[in-house]
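Chemist: Fit chains H and A to the given chain Z structure using the hints.
Protein chains in written order, with the numbering used here: chain Z, 203 to 368; chain H, 168 to 270; chain A, 84 to 478.
Note that these hints are calculated values from the structure, not bench results. Take every hint as true, because none was put in to throw you off.
Going by beta-carbon spacing under 7 Å, a handful of chain Z positions derived as facing chain A:
1. 235
2. 251
3. 252
4. 255
5. 258
6. 259
7. 262
8. 263
9. 270
10. 326
11. 327
Derived CB-CB ranges, DEER-like:
12. Z:329 / A:212: 19 to 29 Å
13. H:224 / Z:313: 16 to 26 Å
14. A:105 / Z:312: 43 to 53 Å
List time: in silico SDA-like cross-link candidates among lysine to any residue, alpha-carbon distance up to 20 Å:
15. A:281 / Z:331
16. A:281 / A:373
17. A:243 / Z:274
18. A:243 / Z:277
Ideal placement from N, C-alpha and C gives every residue a C-beta, glycine not left out.
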Amino acid sequence: MSPVFYLVAALTLGGALTAVVLKNTVHCALALTAAFAGLALLFLGLDAQFAGFAQILVYIGAVAILVVFAILLTRGSETPQGSVYSRYSISGLVAAAAVFAVLGWAVLQSAHMLPNEQAVPMADVHDIGVALMGRYVLPLEILAVLLTAATIGAVIVALHEKEDAK
Amino acid sequence: MTPLTAHLLVAALLFAIGLAGALTRRNAILVLIGIELMLNAANLNFIAFWRYSPHPEALTGMMFAIFSIAVAAAEAAVGLGLVIAIHRQLHTTDLDHMNRMKG
Amino acid sequence: MFDTLARNFDQIFILLRDWLVSFLPAGMRPVAGIVLSVATIVALFPGLFALTTIFERKGLGRIQNRIGPNRVGPFGLLQPVADGIKSLTKEDIVPVSANAAIHFLAPLVLVVAVFMGFAVLPMGRNMVLVDMDCALLFYFAMGASTELAVFMAGWSSRNKYSLLGAMRAVAQMISYEVVLLLSSVAVVMITGSLSLTKIVAAQDQYTGIFPHWYIFTPWGLAGFVMYAIAATAETNRSPFDLPEGESELVAGYHTEYSGFKFALFFLGEYLAMFSISGLGSTLFLGGWSAPFSFLQWVPSWIWFFSKLMLSIFVFIWMRGTLPRLRQDQLMNFAWKFVLPFTIFNLMVTALWRFMGEGWLRWVVCSALLAAAYGIMARVSMRREHFEPRSYRYAE
Numbered sequence: 203m204s205p206v207f208y209l210v211a212a213l214t215l216g217g218a219l220t221a222v223v224l225k226n227t228v229h230c231a232l233a234l235t236a237a238f239a240g241l242a243l244l245f246l247g248l249d250a251q252f253a254g255f256a257q258i259l260v261y262i263g264a265v266a267i268l269v270v271f272a273i274l275l276t277r278g279s280e281t282p283q284g285s286v287y288s289r290y291s292i293s294g295l296v297a298a299a300a301v302f303a304v305l306g307w308a309v310l311q312s313a314h315m316l317p318n319e320q321a322v323p324m325a326d327v328h329d330i331g332v333a334l335m336g337r338y339v340l341p342l343e344i345l346a347v348l349l350t351a352a353t354i355g356a357v358i359v360a361l362h363e364k365e366d367a368k
Numbered sequence: 168m169t170p171l172t173a174h175l176l177v178a179a180l181l182f183a184i185g186l187a188g189a190l191t192r193r194n195a196i197l198v199l200i201g202i203e204l205m206l207n208a209a210n211l212n213f214i215a216f217w218r219y220s221p222h223p224e225a226l227t228g229m230m231f232a233i234f235s236i237a238v239a240a241a242e243a244a245v246g247l248g249l250v251i252a253i254h255r256q257l258h259t260t261d262l263d264h265m266n267r268m269k270g
Numbered sequence: 084m085f086d087t088l089a090r091n092f093d094q095i096f097i098l099l100r101d102w103l104v105s106f107l108p109a110g111m112r113p114v115a116g117i118v119l120s121v122a123t124i125v126a127l128f129p130g131l132f133a134l135t136t137i138f139e140r141k142g143l144g145r146i147q148n149r150i151g152p153n154r155v156g157p158f159g160l161l162q163p164v165a166d167g168i169k170s171l172t173k174e175d176i177v178p179v180s181a182n183a184a185i186h187f188l189a190p191l192v193l194v195v196a197v198f199m200g201f202a203v204l205p206m207g208r209n210m211v212l213v214d215m216d217c218a219l220l221f222y223f224a225m226g227a228s229t230e231l232a233v234f235m236a237g238w239s240s241r242n243k244y245s246l247l248g249a250m251r252a253v254a255q256m257i258s259y260e261v262v263l264l265l266s267s268v269a270v271v272m273i274t275g276s277l278s279l280t281k282i283v284a285a286q287d288q289y290t291g292i293f294p295h296w297y298i299f300t301p302w303g304l305a306g307f308v309m310y311a312i313a314a315t316a317e318t319n320r321s322p323f324d325l326p327e328g329e330s331e332l333v334a335g336y337h338t339e340y341s342g343f344k345f346a347l348f349f350l351g352e353y354l355a356m357f358s359i360s361g362l363g364s365t366l367f368l369g370g371w372s373a374p375f376s377f378l379q380w381v382p383s384w385i386w387f388f389s390k391l392m393l394s395i396f397v398f399i400w401m402r403g404t405l406p407r408l409r410q411d412q413l414m415n416f417a418w419k420f421v422l423p424f425t426i427f428n429l430m431v432t433a434l435w436r437f438m439g440e441g442w443l444r445w446v447v448c449s450a451l452l453a454a455a456y457g458i459m460a461r462v463s464m465r466r467e468h469f470e471p472r473s474y475r476y477a478e
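Bound conformation, chain Z alone (with noise of 0.2 Å):
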């Protein structure tokens, strides 16, 4: 494994799991900002160059505005009094670790059996294209309607209704 996949995955690691733990709420967004550049070069390196540019451009062009806009909007910015951790902060961490090490017993187990194809598949552009628009189209024109209906919807709920004059 080249140090460079360790750095990104350094990078990336590092950047969620600060993302967790600090309690200023803007400094947890720029952290998750950095664990999903972290993650796009995660897929470069695996020859996906669409799904990381894809990433790039929605999760850091898109998602992490929106969760910073959210916050600015919601007052989070200003440091929280008492725990940002909840109450049952020490349940949600025992879980979450066990379920790590199921999935990492899972994958140190099969490790043997995982394939390991060195070829890199033929993904460029163009055959994207004649997928989405031959095999996938369904799934794209339902993608379609599901962000229209998540777009008005959102406008929707977070719509300042006027007060009625009573």
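Modeler: This is chains H and A only, laid out in the frame that chain Z set:
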């Protein structure tokens, strides 16, 4: 350790960190951040398997990851809209205080 | 013989790089070639930035009926040197309550993200740094990263005005980002590829003496105008520069920056202008191809940089001429006119593609776009009719 195993372990650790974040933090937005991390970990899993598998059907893993990115963006938008709406009502994003339906 | 001379002059930078790299052992040659190209880009575009600052100040001055800076050097041409020395030697003030780490990182993230965009621009025949299959997607991914840097700058300053400027800038940038992407999608649809070299190669053909640039097609003209509007808004240039307007918000999101960091923001803004103009000329104006077929002996990089400087001139001209738009006016404009028109342009592009060659598609597409403009711009964006103002003077 093959590259595939390394990537799968990174994805598993990322998933666990996201889960820990979603379960332990008080602020609703941080729960959503944890959820985004979990979705990203699953994406990494897909792409890692897509890269290192034999390829009769060359694009399935990549397609799944792309659709997952799009769906996660939509879900983040709706989730954050909900958090903003709740904040407007209760003036807090602290999950421990959102217990109106309790008891 | 003249032909080979023209071709060699065209490829002169490639030949120079290959000659310089040939002094090294064969193993190091690819890396050394790339390092040399990157160093050229990193040296060239900030140099062009220095030239553009004096160009802008003199140009704005002349538009406003005054001479620009003319003290330093002949005709004020050494002004950028003076500016550079000033910004490098100014004290670096960081507010006490500012978030030091993020305050430091914001200009760096901005400049790095903007520099990455230059990696995919084809600056001449065979003169792309990285010839990627999804080059356009890479460019927009890097453009999306700049928005976060703007937010980081505004928020970390712990200043109401910085935060306000940053929020406005981010809202404006995400709105016009959609328009930028959609207007480029029309070009991608016709070319059939996201690769910028293929897009330029598709435009590098001539019927008679006229080039096949996309701007000379009805959908290309509409797309280019929408792209230009979105590009002006993306780089926060006038008339969309409310987030950094000097008379409005002190200096917006870079209020609390002084000295070198401010120079980095300034550099980032101008470099973003260059790279977005470069992309616009690649997508719509034919990149490095010559405007007439008999002018093909002029080197391709001269054409690319001429188009770049022409776009910069138009940016400066717009800054000096048009009044600033208010934030709600610019958001209204984006969502209610530019975006619907761009989506309609996309449909007209599809119609163009499937109508087949001939004069009919020119007529139909032009008529559709003119009708759409008439309806969307003139009819639905009309304001209330105000009476002519009446003045009452003090006695």
